[in-house]
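Based on the provided sequences and hints, a complete structural model is requested.
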Amino acid sequence: MKLYYYINTGHRVGLDRLRRSAPVINALHEMGVDVRMLTNDFRAGEYAKEQFGISHYVSVDVVRNIANIATPSDALVFDSEEESRAMWRDMASYFYKFIRISDNPDDFAEEGEILISSMKEVGDAPQADIVDPRYFTSTEHKNETVYFWGDDDYEERLLGLSDAFKGLNVTLLEGYYFFMQYGDELAEKFQSVEESESYDEVLMQAGRFISSSPQTTLEALASGSKPIYLKKPGVSDAWDQKMERLGIPIITTFDKEAIQKALLDNVNYQEKVLQKEAVQEIARYIKYNVN
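Just so we're aligned: 198 in numbering that gives the first Met the number 0 is position 199 of the sequence shown, and the numbers increase by one with no gaps anywhere.
Rather than coming from a laboratory, the hints here were simulated on the basis of the structure. Take every hint as true, because none was put in to throw you off.
Just the calculated beta-carbon pair ranges, DEER-fashion:
hint : residue 1 : residue 2 : range
1    : Gly233    : Glu184    : 14 to 24 Å
2    : Glu256    : Gly111    : 42 to 52 Å
3    : Glu139    : Arg42     : 25 to 35 Å
4    : Leu167    : Asn64     : 42 to 52 Å
5    : Met179    : Asp105    : 33 to 43 Å
6    : Ala66     : Asn265    : 46 to 56 Å
7    : Phe107    : Glu139    : 42 to 52 Å
8    : Gly111    : Ala237    : 19 to 29 Å
9    : Ser72     : Glu154    : 33 to 43 Å
10   : Ser72     : Glu256    : 53 to 63 Å
11   : Glu184    : Glu110    : 43 to 53 Å
12   : Ser58     : Asn265    : 40 to 50 Å
Straight-line alpha carbon distances no greater than 30 Å define the calculated DSS-like cross-link-like pairs of lysine-lysine that follow:
hint : residue 1 : residue 2
13   : Lys119    : Lys286
14   : Lys188    : Lys230
15   : Lys188    : Lys141
16   : Lys48     : Lys275
17   : Lys286    : Lys275
18   : Lys271    : Lys119
19   : Lys230    : Lys271
20   : Lys271    : Lys260
21   : Lys255    : Lys165
22   : Lys165    : Lys260
23   : Lys255    : Lys141
24   : Lys230    : Lys165
25   : Lys231    : Lys119
Quick caveat: nothing in here was measured; it's all calculated off a predicted structure. Backbone N, C-alpha and C fix where the C-beta goes; we use that ideal spot for every residue, glycine too.
Here it is as structure tokens:
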């Protein structure tokens with residue numbers, strides 16, 4: 000039996016799921032589990048190799064092709080909202096074990112599947128507040144405010160919203176999938192632009208970190224970079240509720256006055272609401288349920 004760990008990634012959906020899944024995959028490796036990462040984008044696999052040291056990964060162009068790689072005797076972890084409940088039922092009946100990771104607070108486990116949620120506890124499964132342990136390292140923070148949209152902006156939506164940052168002395172951290180020269184176009188709206196290769200350094204050293212990526216917001220909280228969550232248009236309200244529970248300020252529109260106010264507010268951040276051990280806890284739970 001092998002364990003396959005599928006993650007929805009790509010230039011239209013970003014790398015949030017990869018950032019939380021890669022540490023779990025590494026922990027499973029350390030526990031002696033034979034696990035392979037599956038992504039639906041080759042560049043995501045390259046990122047996982049470069050940033051997380053994951054050498055075993057396979058690119059899968061569509062979800063149905065997972066069955067061309069894995070066999071019914073294998074187990075599958077599925078970190079994605081792709082396809083339909085009918086497809087999930089098919090996967091649960093096809094594979095030896097099927098574990099699904101969800102960001103939908105209204106989600107539920109069907110017969111034959113195991114559900115891990117980022118929004119709530121489901122049965123005996125721990126809630127998936129997963130942040131790579133590297134971000135819990137204490138570092139010296141600069142007096143700098145950074146904004147991160149996310150790794151994806153295929154429609155170049157940020158360009159149309161970025162006037163909200165003009166004159167605010169905010170540095171833009173580019174996303175991994177940003178187009179060539181896109182940072183040059185955005186540079187007029189921001190104080191400076193940092194390339195995506197500097198992600199860890201910039202995130203962990205920022206004094207204030209504004210992010211429209213839920214996962215990166217959690218990483219900034221763990222690192223002590225005083226995050227503010229700036230919601231993208233069309234993103235689920237569930238993440239607003241999540242940030243509120245964690246004590247993270249929320250901005251719901253790309254508005255200069257709202258951003259200025261959030262930056263001036265004195266927030267007593269509770270970094271300890273996130274647990275460094277969560278990665279190991281999730282990995283142990285997966286290992287227990289696939290053995």
